[in-house]
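These are the residues of each chain, in order.
2 protein chains.
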Amino acid sequence: MTLPHPNADQISLPNVLAVLGDPTRLAIVRYLASKEGVALNCSQFLDLGSKTNLSYHLAKLREAGVTRAEVVGTNRMITLRRADLDARFPGLLDSVIAAAGEDKALPMVGGADEIEIQA
Amino acid sequence: MTLPHPNADQISLPNVLAVLGDPTRLAIVRYLASKEGVALNCSQFLDLGSKTNLSYHLAKLREAGVTRAEVVGTNRMITLRRADLDARFPGLLDSVIAAAGEDKALPMVGGADEIEIQA
DNA sequence: CCAATTGTTCAATAACTTTTGAACTAAGGA
DNA sequence: TCCTTAGTTCAAAAGTTATTGAACAATTGG
Numbered sequence: 001m002t003l004p005h006p007n008a009d010q011i012s013l014p015n016v017l018a019v020l021g022d023p024t025r026l027a028i029v030r031y032l033a034s035k036e037g038v039a040l041n042c043s044q045f046l047d048l049g050s051k052t053n054l055s056y057h058l059a060k061l062r063e064a065g066v067t068r069a070e071v072v073g074t075n076r077m078i079t080l081r082r083a084d085l086d087a088r089f090p091g092l093l094d095s096v097i098a099a100a101g102e103d104k105a106l107p108m109v110g111g112a113d114e115i116e117i118q119a
Numbered sequence: 001m002t003l004p005h006p007n008a009d010q011i012s013l014p015n016v017l018a019v020l021g022d023p024t025r026l027a028i029v030r031y032l033a034s035k036e037g038v039a040l041n042c043s044q045f046l047d048l049g050s051k052t053n054l055s056y057h058l059a060k061l062r063e064a065g066v067t068r069a070e071v072v073g074t075n076r077m078i079t080l081r082r083a084d085l086d087a088r089f090p091g092l093l094d095s096v097i098a099a100a101g102e103d104k105a106l107p108m109v110g111g112a113d114e115i116e117i118q119a
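Read top to bottom, the protein sequences are chains A and B.
Read in this note's numbering, the first sequence has 47 at position 47, and its numbers run on one by one without any break.
Read in this note's numbering, the second sequence has 15 at position 15, and its numbers run on one by one without any break.
In short, the hints are calculated from the structure, not lab data.
You may find that some hints are simply not true.
[As the list claims (entries may be wrong)] List time: in silico BS3-like cross-link candidates among lysine-lysine, alpha-carbon distance up to 27 Å:
{"hint": "1", "chain 1": "B", "residue 1": "LYS104", "chain 2": "A", "residue 2": "LYS60"}
{"hint": "2", "chain 1": "B", "residue 1": "LYS35", "chain 2": "B", "residue 2": "LYS51"}
{"hint": "3", "chain 1": "B", "residue 1": "LYS60", "chain 2": "B", "residue 2": "LYS104"}
{"hint": "4", "chain 1": "A", "residue 1": "LYS60", "chain 2": "A", "residue 2": "LYS104"}
{"hint": "5", "chain 1": "A", "residue 1": "LYS35", "chain 2": "A", "residue 2": "LYS104"}
{"hint": "6", "chain 1": "B", "residue 1": "LYS60", "chain 2": "A", "residue 2": "LYS104"}
{"hint": "7", "chain 1": "A", "residue 1": "LYS104", "chain 2": "A", "residue 2": "LYS51"}
{"hint": "8", "chain 1": "B", "residue 1": "LYS60", "chain 2": "A", "residue 2": "LYS60"}
{"hint": "9", "chain 1": "A", "residue 1": "LYS60", "chain 2": "A", "residue 2": "LYS35"}
Model, not experiment: these values are computed from the prediction.
Based on the sequences and whatever the hints tell you, model everything.
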């Protein structure tokens with residue numbers, strides 16, 4: 001079972017910007033960037049909204065090509081599509097993440113440590 | 001008579017991204033960037049929509065702090081707030097403009113030459 | 001098998017955004 | 001003064017996005 005993702009060349013700039021222009025989704029991306037290399041499941045983001053609401057926002061991010069979601073058991077392991085985004089829009093993700101990193105107004109994924117994920 | 005603009009420190013990242021996440025507004029910004037130094041009035045953008053519609057989009061850009069509008073006679077001279085944006089979100093505008101510059105899917109401000117503007 | 005965990009889907013609603021035309025203001029030129 | 005040009009404002013309509021809870025599916029562990 002795999003989830004639908006756009007190819008790198010199908011990623012659209014206005015779409016990516018629109019999707020990042022939501023504080024909840026920007027907070028998700030900032031957190032993913034801060035944990036790059038670590039695959040996170042949806043529950044890590046429950047600080048930012050209800051389960052249903054996160055499912056919605058994570059689907060938006062995935063459909064826009066910002067994140068990749070891999071199905072591992074009952075988990076969806078979520079990662080930033082950094083290479084694809086960097087290839088398509090050089091420097092964009094870095095500057096967004098740097099700017100978001102300083103933004104006190106953005107919602108925060110709580111200081112709770114990451115849970116070890118089971119395969 | 002002056003129009004309301006946010007201060008540099010009031011410019012919000014999610015807001016800027018959301019505002020740039022509209023193809024019409026992104027096309028406006030791309031065109032402004034391509035004519036940097038030249039002050040443009042609203043009529044230059046009529047390729048992108050009706051007068052009323054442009055008034056709406058240009059107000060969004062201005063209220064988000066992306067553009068500055070100066071009243072000169074009956075014209076509003078529009079410029080990118082490059083220095084403010086670069087200070088607040090280093091590299092962001094450049095990467096957006098570079099990415100937009102290659103984007104064939106974005107609407108285009110026609111090849112018509114700029115009209116000399118009257119004070 | 002049963003229960004718990006993880007996450008999705010659906011339908012409803014609320015809230016916002018975009019687009020439109022008609023009416024308007026304000027400045028400039030004849 | 002009157003006309004034109006530049007742009008705004010308003011209200012309506014249309015479309016889109018975000019949020020919610022209830023019901024569902026799939027996997028895993030006991």
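Verification of the hints:
1. B:LYS104 x A:LYS60: Holds: LYS104 of chain B and LYS60 of chain A sit about 23 Å apart, inside 27 Å.
2. B:LYS35 x B:LYS51: 21 Å, holds
3. B:LYS60 x B:LYS104: 23 Å, holds
4. A:LYS60 x A:LYS104: At roughly 24 Å apart (the allowed maximum being 27 Å), LYS104 of chain A and LYS60 of chain A satisfy the hint.
5. A:LYS35 x A:LYS104: 19 Å, holds
6. B:LYS60 x A:LYS104: Between LYS60 of chain B and LYS104 of chain A the Cα gap is close to 23 Å, so the pair holds against 27 Å.
7. A:LYS104 x A:LYS51: With a Cα-Cα distance of about 24 Å, the restraint between LYS104 of chain A and LYS51 of chain A holds, given a limit of 27 Å.
8. B:LYS60 x A:LYS60: Holds - the C-alpha atoms of LYS60 of chain A and LYS60 of chain B are around 23 Å apart, at most 27 Å.
9. A:LYS60 x A:LYS35: It holds: about 20 Å lies between the C-alpha atoms, which stays within 27 Å.
Checked against the numbered hints above, the structure violates none of them.
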